[in-house]
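Here are the chains, one letter per residue:
Protein chains: 2
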Amino acid sequence: MKFVVQRDPLLKSVQDVMKAISSRTAIPILTGMKIEAKQNGIVLTGSDSDISIESHIQAEADGIVNVEQIEEGSIVLQARYFSDIVRKLPEQSIEIESDEQHNVTIRSGKAEFNLNGQDAEEYPQLPKLNTDDSLELPTDLLKSVIKQTVFAVSTMETRPILTGVHLKLEDGKLNFTATDSHRLASREIPVEETNVDFSSVVIPGKSLNELSKILVDNDETVDIRVTQNQILFRTKNLYFLSRLLDGNYPETSRLIPDQSKTSIHLNTRDLLHTIDRASLLAREDRNNVVKLSTNGNGMLEITSNSPEIGHVSEEITADSIEGEDLKISFSSKYMMDALKAIDSDEVKIEFTGAMRPFILRPANGEPIIQLILPVRTY
Amino acid sequence: MKFVVQRDPLLKSVQDVMKAISSRTAIPILTGMKIEAKQNGIVLTGSDSDISIESHIQAEADGIVNVEQIEEGSIVLQARYFSDIVRKLPEQSIEIESDEQHNVTIRSGKAEFNLNGQDAEEYPQLPKLNTDDSLELPTDLLKSVIKQTVFAVSTMETRPILTGVHLKLEDGKLNFTATDSHRLASREIPVEETNVDFSSVVIPGKSLNELSKILVDNDETVDIRVTQNQILFRTKNLYFLSRLLDGNYPETSRLIPDQSKTSIHLNTRDLLHTIDRASLLAREDRNNVVKLSTNGNGMLEITSNSPEIGHVSEEITADSIEGEDLKISFSSKYMMDALKAIDSDEVKIEFTGAMRPFILRPANGEPIIQLILPVRTY
Numbered sequence: 005m006k007f008v009v010q011r012d013p014l015l016k017s018v019q020d021v022m023k024a025i026s027s028r029t030a031i032p033i034l035t036g037m038k039i040e041a042k043q044n045g046i047v048l049t050g051s052d053s054d055i056s057i058e059s060h061i062q063a064e065a066d067g068i069v070n071v072e073q074i075e076e077g078s079i080v081l082q083a084r085y086f087s088d089i090v091r092k093l094p095e096q097s098i099e100i101e102s103d104e105q106h107n108v109t110i111r112s113g114k115a116e117f118n119l120n121g122q123d124a125e126e127y128p129q130l131p132k133l134n135t136d137d138s139l140e141l142p143t144d145l146l147k148s149v150i151k152q153t154v155f156a157v158s159t160m161e162t163r164p165i166l167t168g169v170h171l172k173l174e175d176g177k178l179n180f181t182a183t184d185s186h187r188l189a190s191r192e193i194p195v196e197e198t199n200v201d202f203s204s205v206v207i208p209g210k211s212l213n214e215l216s217k218i219l220v221d222n223d224e225t226v227d228i229r230v231t232q233n234q235i236l237f238r239t240k241n242l243y244f245l246s247r248l249l250d251g252n253y254p255e256t257s258r259l260i261p262d263q264s265k266t267s268i269h270l271n272t273r274d275l276l277h278t279i280d281r282a283s284l285l286a287r288e289d290r291n292n293v294v295k296l297s298t299n300g301n302g303m304l305e306i307t308s309n310s311p312e313i314g315h316v317s318e319e320i321t322a323d324s325i326e327g328e329d330l331k332i333s334f335s336s337k338y339m340m341d342a343l344k345a346i347d348s349d350e351v352k353i354e355f356t357g358a359m360r361p362f363i364l365r366p367a368n369g370e371p372i373i374q375l376i377l378p379v380r381t382y
Numbered sequence: 005m006k007f008v009v010q011r012d013p014l015l016k017s018v019q020d021v022m023k024a025i026s027s028r029t030a031i032p033i034l035t036g037m038k039i040e041a042k043q044n045g046i047v048l049t050g051s052d053s054d055i056s057i058e059s060h061i062q063a064e065a066d067g068i069v070n071v072e073q074i075e076e077g078s079i080v081l082q083a084r085y086f087s088d089i090v091r092k093l094p095e096q097s098i099e100i101e102s103d104e105q106h107n108v109t110i111r112s113g114k115a116e117f118n119l120n121g122q123d124a125e126e127y128p129q130l131p132k133l134n135t136d137d138s139l140e141l142p143t144d145l146l147k148s149v150i151k152q153t154v155f156a157v158s159t160m161e162t163r164p165i166l167t168g169v170h171l172k173l174e175d176g177k178l179n180f181t182a183t184d185s186h187r188l189a190s191r192e193i194p195v196e197e198t199n200v201d202f203s204s205v206v207i208p209g210k211s212l213n214e215l216s217k218i219l220v221d222n223d224e225t226v227d228i229r230v231t232q233n234q235i236l237f238r239t240k241n242l243y244f245l246s247r248l249l250d251g252n253y254p255e256t257s258r259l260i261p262d263q264s265k266t267s268i269h270l271n272t273r274d275l276l277h278t279i280d281r282a283s284l285l286a287r288e289d290r291n292n293v294v295k296l297s298t299n300g301n302g303m304l305e306i307t308s309n310s311p312e313i314g315h316v317s318e319e320i321t322a323d324s325i326e327g328e329d330l331k332i333s334f335s336s337k338y339m340m341d342a343l344k345a346i347d348s349d350e351v352k353i354e355f356t357g358a359m360r361p362f363i364l365r366p367a368n369g370e371p372i373i374q375l376i377l378p379v380r381t382y
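As they're listed, the protein sequences go chains V and D. Each residue of the first sequence is one higher than the last, beginning at 5 in the numbering used here. Each residue of the second sequence is one higher than the last, beginning at 5 in the numbering used here.
Derived from the structure by calculation, the hints contain no laboratory data. Treat the hints loosely; a few may be bogus.
It does not matter which identical chain is used: a pair holds within one copy or between any two.
[As the list claims (entries may be wrong)] Heads up, simulated DSSO-like pairs for lysine-lysine below, C-alpha to C-alpha not over 30 Å straight-line:
{"id": "1", "residue 1": "172", "residue 2": "114"}
{"id": "2", "residue 1": "114", "residue 2": "132"}
{"id": "3", "residue 1": "42", "residue 2": "337"}
{"id": "4", "residue 1": "240", "residue 2": "337"}
{"id": "5", "residue 1": "114", "residue 2": "265"}
{"id": "6", "residue 1": "16", "residue 2": "92"}
{"id": "7", "residue 1": "147", "residue 2": "331"}
{"id": "8", "residue 1": "337", "residue 2": "147"}
{"id": "9", "residue 1": "344", "residue 2": "92"}
Since the model is a prediction, treat every value here as computed from it, not as a measurement.
Excised from the complex, chain V in its bound form (with noise of 0.2 Å):
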């Protein structure tokens, strides 16, 4: 294996798949990372077994040569050594080469590194996604989902399943549901001319954090792919596989309340920061107990109280407040995330009474949904 490479685009390529590899691994050579030279291209991959990242280097794209003088072959290089040395190179240009003893050689300007590689033959192959049906969904889009739901889902293992986020697909919307049992989020995004047959597939919170760090933000589409146990997301040049986790997800629909009683419009970031305030005197207590109250005048007060250190309160201006008046208990880090997550200069709030899971929607009509359950303290 040969050939020459420009240092920028090996090394974001090298950076994304760096994400997949762990080097805590039960399977030694899954702490290397496999390089393949083609014709069209370098591809590289790097695994943890949950999360598999193969990326690719075009040749040429936009009439720029990325890679030149190449002789086809493949290759495994411990991945830590490769991304720090590929980081650290003084030249644009790089010379990657192999020989039959798996003996690799780096070199650009000056330097020369002649590392220890490892037969490509050992490395695992891929699952291959034996299905065309696919759902493409805009970079961006994508990405904001994610951000706006995957922080919601559970980090306790005692129920794997509530840390993953849920996706189902039915009456052409696709909704994604993140949820540890003390409080949810969901968005729903409409998509077109699926032909896709899943309707209900739950991905690792962590598989979609290390996705949403690689997508960049751009007018591409990422193509979904779904088998019975892995999910691929597609870009031009990257193939992202996660393990789908096992098991029913919980039906969730149901705990979100049809009605309210008490019903408030105010801007987003008086109340995030307002909150993030308060819970600076809240954070001694473990669950972090902030308290909203109405007062009667179209005001909210914001309080919170930590017995040794003191107490904080705060007066915030709502747009509207509807229906009954209201006390209730809640932890700060949940409302700060739920707020942060909403996207939308304000924010609606409904509550159903002080011991009833309370809603959060975005003024602006997109179709997230917060939910929060309260905490018993009045």
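Dock chain D against chain V, hints included.
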């Protein structure tokens, strides 16, 4: 006590004083910050017994009013809470008030914090420095000298004196030296009109690191005063007091060879980057060893080897190589630290054989000396 203060100068002062406050302290009140309101402004104080910092906010400075409506008094607040609160307050204008029961109210916009304060009488008195003898240094020069020497202090408590930087005043020159017994960094600066009677003190490296973070790069001067066991660095609005280390600093001047067998001139940054690359394959070895050898044609070769991983070599063109040919091994970390401190485009390195300490000096003649002990491998 009562006053109204502007958020930006308060935040800067609080962040400076926080550098002296540790949450792990044997004296509970030292987790607090003392706030004193005087007619001419506010004084904030923090201390961890080793370092004490006082920051002054002038009521009025350069025609700008920072503090108003002052009613004199003092209080101690939990530093961590106070600093988080100041950082997140909504408005520029902040009112702070305390009552007889040490209850403190902080108001900004519609936010109100009520905190349990402590009696300022219980806060330890900072040591007084009974000396008028002082030495003045430009702030930016003091920051440079710290940066060029402090990294070489020992982090081992086996010889506590080596965890400090040695300050020596002799013949109108102030010398800063640090060594961990494997390498040494030293810089000399001329001082004028000193009426200071100290000749040698050792300042904890940690104190100088914190001081360097707080000092703002400007053209003001720092006033330095020394007593038997304390050193004070004073700027217009800052008192930075550190204890000194007890004990005799070893005599280091005889370590520096006065002749050389091989003398090399080259570009500082080129060598730094080459060593950095070579170190990538040296880190498995606990000494991080790289090798340097002259190859007889005006080039140096830098190599490193890690049997498990591979081998790296890079040639680098020297501006000049004079004297005997040389093969020498050393810690890449020490070499990189020294090169970063050289502060000159060109560096001159003088060797007196593969087993003897070698010296780096900036080619621009600045009196900086970086000494490194080689590692025996050849």
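Against the structure, the hints come out as follows:
1. 172 / 114: Classified as neither: same-chain Cα gap 54 Å, cross-chain 44 Å, threshold 30 Å.
2. 114 / 132: For residue 114 and residue 132, neither the intra-copy (41 Å) nor the inter-copy (59 Å) Cα distance is at most 30 Å.
3. 42 / 337: neither (49 Å within a copy, 39 Å between copies)
4. 240 / 337: Classified as neither; 38 Å inside a copy, 41 Å across copies.
5. 114 / 265: Between copies only: 27 Å across, 73 Å inside.
6. 16 / 92: Answer is within; shortest intra-copy Cα gap is 13 Å, inter-copy 37 Å.
7. 147 / 331: neither (36 Å within a copy, 54 Å between copies)
8. 337 / 147: within (22 Å within a copy, 40 Å between copies)
9. 344 / 92: Intra 37 Å, inter 17 Å, cutoff 30 Å: inter-copy only.
Hints 1, 2, 3, 4 and 7 from the list above are not met by this structure, while the remaining hints are.
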